[in-house]
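2 protein chains.
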Amino acid sequence: MPKIVDHAERRAHIAAAATNVISRSGINPHTMREIAEETGYAHGASRRYFPNKRSLLIATFEHLTADVNARMQRQLVGMRGLDALEIVCREILPLEDKGSGHARVLLAFWEHASGEPEILRIHQANNLRWRELMRRFLFEAREDGELRHGVDIDRTVDAIAASNAGWLVTSVLMPAAATRERILAAHAALIDPLRKPMAG
Amino acid sequence: MPKIVDHAERRAHIAAAATNVISRSGINPHTMREIAEETGYAHGASRRYFPNKRSLLIATFEHLTADVNARMQRQLVGMRGLDALEIVCREILPLEDKGSGHARVLLAFWEHASGEPEILRIHQANNLRWRELMRRFLFEAREDGELRHGVDIDRTVDAIAASNAGWLVTSVLMPAAATRERILAAHAALIDPLRKPMAG
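Taken in sequence, the protein lines are chains A and B. So the first sequence is residues 3 to 202, counted in this note's numbering. So the second sequence is residues 3 to 202, counted in this note's numbering.
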């Protein structure tokens, strides 16, 4: 009987393993070998699905953002306004133990994207989706009377997006400065002033 | 007469050219050739000074930060408090035309640093110097009565450092979102609330 291989499944399995490997060690000359070890497939199998660094980085980025976006969507059911904004930010920020590992994958992808317009567009599509979510939730916050008078929503999205990206970088490069407590304190300092002061 | 080569000068010249090349095109398989073209030296000369990507990235990072730090120091003479903090941030943020080019060099260096403890220390030493400057100027602002009551200086340094790093990334990956005007608006939203409200 011929061996039946589910290519999509195998591809996803390798992408997941690649995300783990790059999370741990960054991308380096041993990356492909480590992925082969992690999956248990022969070295050639990973190479067949991901023949170069470029294809590997795209696959890990997509694996990782699909994961983040799925978690976000699950939590966003029935949520709106500043609570929903909080969910989006907490999924993007490197708050979990494996946060800085994921941030390392993103950093490798970003670096690669900076020189390749086609990869840059993959990043931008995802980033614009996140910005659009934040924007929508800020408008909802205004509708619901949660938002302080005079908040500039587009500039606020800019500031939150920059801060989230900055914390991802910081978690990789200055891990001692990127504890959960410090990230959440800086994040709160950005979000709390948006809130309308309590009446009374 | 034997040809006398000033090695330090030539090294600095190549590092400057490398910074320009990586600013324009990121780091890629053509980088060494483009550096040779930009310097006018033979390909072998650049290779001799910078035999690999690692040495090249360290040299461009050091060239670039030495430049930023020198400009900072010149402007900081006689300055203190929030005005001095502003000078530091404006030199780090990608506000100039070549800002996103420099940010691209940083991004390449960061990605490389994420996998190499020795390179990471070079980044961390510079980053801690910048954080220490911000911290000092915030304490001066408190001494001088510029600072709003209750500002947490260490958490403020965290937030500013994350925002600065985030804007560097944004200028490379989302250039349309990282105009001078938008960067300065987000930066002001971070700094203005630190200021003690005017009496009266």
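If you are wondering where the hints come from, they were derived from the structure by calculation, not from laboratory data. Worth double-checking, as some hints may not be accurate.
[Stated by the list, open to error] Simulated coverage check for chain B against chain A, where a stretch passes if three residues somewhere in it have a Cβ under 8 Å from a Cβ of chain A:
(1) 41-55
(2) 84-97
(3) 135-141
(4) 151-162
(5) 173-180
[What the hints assert, rightly or not] In silico negatives: residues of chain A with every beta carbon more than 10 Å from chain B:
(6) R73
(7) Q75
(8) R76
(9) G83
(10) R106
(11) R131
(12) F141
(13) E145
(14) R157
(15) D160
(16) L175
(17) R184
(18) P195
For each residue, glycine too, the CB sits at the ideal point set by N, CA and C.
Going down the list of hints, with the structure as the test:
| no. | hint | result |
| --- | --- | --- |
| 1 | 41-55 | violated (count 0) |
| 2 | 84-97 | violated (count 0) |
| 3 | 135-141 | violated (count 0) |
| 4 | 151-162 | holds (count 5) |
| 5 | 173-180 | holds (count 4) |
| 6 | R73 | holds, 22 Å |
| 7 | Q75 | holds, 23 Å |
| 8 | R76 | holds, 26 Å |
| 9 | G83 | holds, 20 Å |
| 10 | R106 | violated, 5 Å |
| 11 | R131 | holds, 12 Å |
| 12 | F141 | holds, 18 Å |
| 13 | E145 | holds, 22 Å |
| 14 | R157 | violated, 5 Å |
| 15 | D160 | violated, 5 Å |
| 16 | L175 | violated, 6 Å |
| 17 | R184 | violated, 5 Å |
| 18 | P195 | violated, 6 Å |
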